[in-house]
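S.K.: Sequence:
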Amino acid sequence: MNTIVEKIVCLLTIVFLVYCKDNIKKQLHIGLFMNTGPYSHDIMMQQVADDLSSRGFKVTMLQIRVFNFNFTLPKSNYNWSIVQYDYSRPETNTIMNAAMNQIWHGPVPMGGGTFNYKGIFTFQQLYESHAKACQSALKDADYMRKVQEMKLDIIAIDYVLNECAIGISSILKIPRVYLSNYPMVEVYTDNFGVPSNPSYVPALVSHTGSKMSFFERVLNTATHVALIFARVGLFWRSDKMFRDVGYSAELRQEERDTIFYGTPLEFLLDGPRPIANTVKYFGCMKCSGIKPRHVSDVYGTTPNKDVIVASFGTCSSASQLPERVIKSFSSAFSQFKQYQVVLQIPGIEKYNNSLPSNVITAKWIPLMQLLGDPSVKLLISHGGVSTTLEAINNAVPVLGIPLQGDQMYNVGRLVEKGVADVLFVNSLSGEKLSHKLRKMLQISQNDSFLNPDQYYAVKKYR
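Read in order, the letters of the sequence shown correspond to residues -20 to -1, 1 to 442 in mature numbering (1 follows the signal peptide of the UniProt record, and there is no 0).
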C-alpha cells in the first residue's frame, strides 16, 4: 500500500500544481474529506495526509463521523490537522451493530446468489444515518464556519456514500478529486463519461465474471439499472437537503465536474471496461516494499509450520457471530491440525475456548507483512480491496467469504483470474468450508494443479 499511496500523491501533486497555479507561490492547502468511519478508508487517507505533509503541503483532514468502529488511527509524525463533526451516537451504533449482524447471514446489500431483503433494508438504514449526519453538520454553524475559514485550494473526497462531502466542496467552490479505498463503481464512473456495459461489466454487488450467460446478463442489467435509480434518488434527496438548510447544490453536475476518479485497485485485476483519462488505477502489484514478518515471530507459533490466515477486516464483529458460523470455523479448522490458523475478527478472542488448539485469534493482524511469510499457504478473506491487493502482491491464493459492499466484486475478479474460490456466508458450513480448504490447499502446495499461465505467475512472484 505504501507504493500505492506514493502513486496517489504524485498524481495529486501534479493536479494540485495545475489547478492551483495562481497560488503557486504560497504553500498549498489541501483538504482530504474522509469517509464516515470505516477504519480501512480512514487509514488510507491518513497515509495520503502523511505523504503530502512530508512533501511540504499544508493538509487538513475533514470528516463527518457517523459510525465508531472502535479502531484508533495510529499517531502520525506529521502536523496535519483534522476538522471533524462527530455524529456517532447510540442510535447510529445500533444501526451499525445491526449491519454487523446482517453480514454474517448474507452479504449486504444484495446477498450471495440470493435476494437479501434484510441486507437492502440494512443498507437503507445506513444511508438514512448518513443523511441525518449530513443535515446535522450543515446546520451546525460552528462546524460550517470552520470549514469555510480553512481556505482550501483543492480537496480529495472519499466519495462512497459521501454525497455530503461533494456538496460541501461545492459550497467551498474549490476543485475536487475522487479517491476511495474501493474499486470502480459503475454508478460513479457513468458520470465521468465512462459507461459500464452490463453485458460484460459486473455490477459492484455482483460476483459474476465478465463472461456471463444470458440469464446472468439479464440479472446484471437489472442490478445495474436498480443501482442507477438508487443513485439518482440519493442525488435528488441530497440536493433537497442542501436547499432546505440554505445552500444551493446540484450534486450530479458537481460530480461531472470532478477532475478525476481514483481507485487503489490494480488495473490488471479489474474486468474489461472502457476507461478515460478521468479514471485512474493506483494499484501496484509486487511493489509494496513492505518487509515481511514471520507468523512464528509475531505469535510464537512453531517455526516453519504451514499457516492459513483467515482475516475478515475491521467492519466485522465477533460479537454478532451466529453460532452456525463459529461452529463451521471450528469444525473445518479442526480437520487441518497440520496447519496453524490465524483467525482475525474484532472480538474473536472470546471464542478461544470454542476453537481447536491450532487456531490463534486476533483483533487485528499486520496482514501486509504476514502474507510475505512463505509459510502462509492460503488466505481466507472477506475480500476488501486492500486485502485483495496484499494477497496478489504475495502470490497467496484466496478463499473469499464476502460480507458486504464491494467484496463480492473483488473476490469475483480473483475467481475470474483463477487464483481464488468463493464461499458465501449464507451457505457456510463446516463441511463446505473444509471441502473448499482441501481444494485450495492442494493448489497452493502442488504446482501441478496450475495451468501454464498460473504456473508462470506463481514462479515469477515466489
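Simulated from the structure, these hints should not be mistaken for laboratory data.
There could be a bad hint or two in this list.
Claimed, not checked - Here are the simulated DSS-like cross-link-like pairs (lysine-lysine), alpha carbons at most 27 Å apart as the crow flies:
1. K131 with K119
2. K330 with K191
3. K191 with K38
4. K131 with K307
5. K191 with K307
6. K285 with K412
7. K112 with K38
8. K412 with K397
9. K317 with K357
10. K343 with K260
11. K397 with K357
12. K317 with K153
13. K38 with K55
14. K260 with K397
15. K220 with K285
16. K397 with K419
17. K397 with K416
18. K153 with K220
19. K343 with K191
20. K98 with K119
21. K330 with K307
22. K153 with K119
23. K191 with K119
24. K260 with K307
25. K260 with K285
26. K357 with K412
27. K55 with K153
Stated by the list, open to error - Have a look at the derived ranges for each label pair, beta carbon to beta carbon:
28. N81 with D120: 49 to 55 Å
29. D120 with N284: 28 to 34 Å
30. R273 with Y227: 27 to 33 Å
31. V205 with N81: 25 to 31 Å
32. W216 with T282: 55 to 61 Å
Where a beta carbon is used, it is the ideal one built from N, C-alpha and C, also for glycine.
S.K.: Decide, hint by hint, whether the structure agrees.
M.R.: Here is how each hint holds up against the structure:
1. K131 with K119: With a Cα-Cα distance of about 20 Å, the restraint between K131 and K119 holds, given a limit of 27 Å.
2. K330 with K191: violated, 43 Å
3. K191 with K38: violated, 47 Å
4. K131 with K307: violated, 55 Å
5. K191 with K307: violated, 36 Å
6. K285 with K412: holds, 24 Å
7. K112 with K38: Distance ~31 Å between K112 and K38 Cα, so the pair is violated.
8. K412 with K397: Roughly 22 Å between the alpha carbons, so the hint for K412 and K397 holds.
9. K317 with K357: holds, 14 Å
10. K343 with K260: violated, 33 Å
11. K397 with K357: holds, 18 Å
12. K317 with K153: Cα-Cα ~60 Å, so violated.
13. K38 with K55: Given that 27 Å is the threshold and the Cα spacing comes to 18 Å, the pair holds.
14. K260 with K397: Holds, at roughly 21 Å.
15. K220 with K285: violated, 59 Å
16. K397 with K419: holds, 16 Å
17. K397 with K416: holds, 17 Å
18. K153 with K220: Within the cut-off at roughly 19 Å; holds.
19. K343 with K191: Roughly 38 Å between the alpha carbons, so the hint for K343 and K191 is violated.
20. K98 with K119: The given pair, whose Cα atoms are some 32 Å apart, is violated under the 27 Å limit.
21. K330 with K307: holds, 14 Å
22. K153 with K119: Answer holds: K153 to K119 is near 19 Å, not above 27 Å.
23. K191 with K119: violated, 48 Å
24. K260 with K307: violated, 42 Å
25. K260 with K285: violated, 40 Å
26. K357 with K412: OK: K357 and K412 at ~19 Å, within 27 Å.
27. K55 with K153: Not OK: K55 and K153 at ~32 Å, beyond 27 Å, violated.
28. N81 with D120: 49 to 55 Å: With Cβ atoms ~31 Å apart, the hint is violated.
29. D120 with N284: 28 to 34 Å: violated, 57 Å
30. R273 with Y227: 27 to 33 Å: This hint is violated: roughly 49 Å between Cβ atoms.
31. V205 with N81: 25 to 31 Å: Holds, at about 29 Å.
32. W216 with T282: 55 to 61 Å: Given a distance of about 59 Å, which is inside 55 to 61 Å, the answer is holds.
Hints 2, 3, 4, 5, 7, 10, 12, 15, 19, 20, 23, 24, 25, 27, 28, 29, 30 from the earlier list are contradicted by this structure; the remaining hints agree with it.
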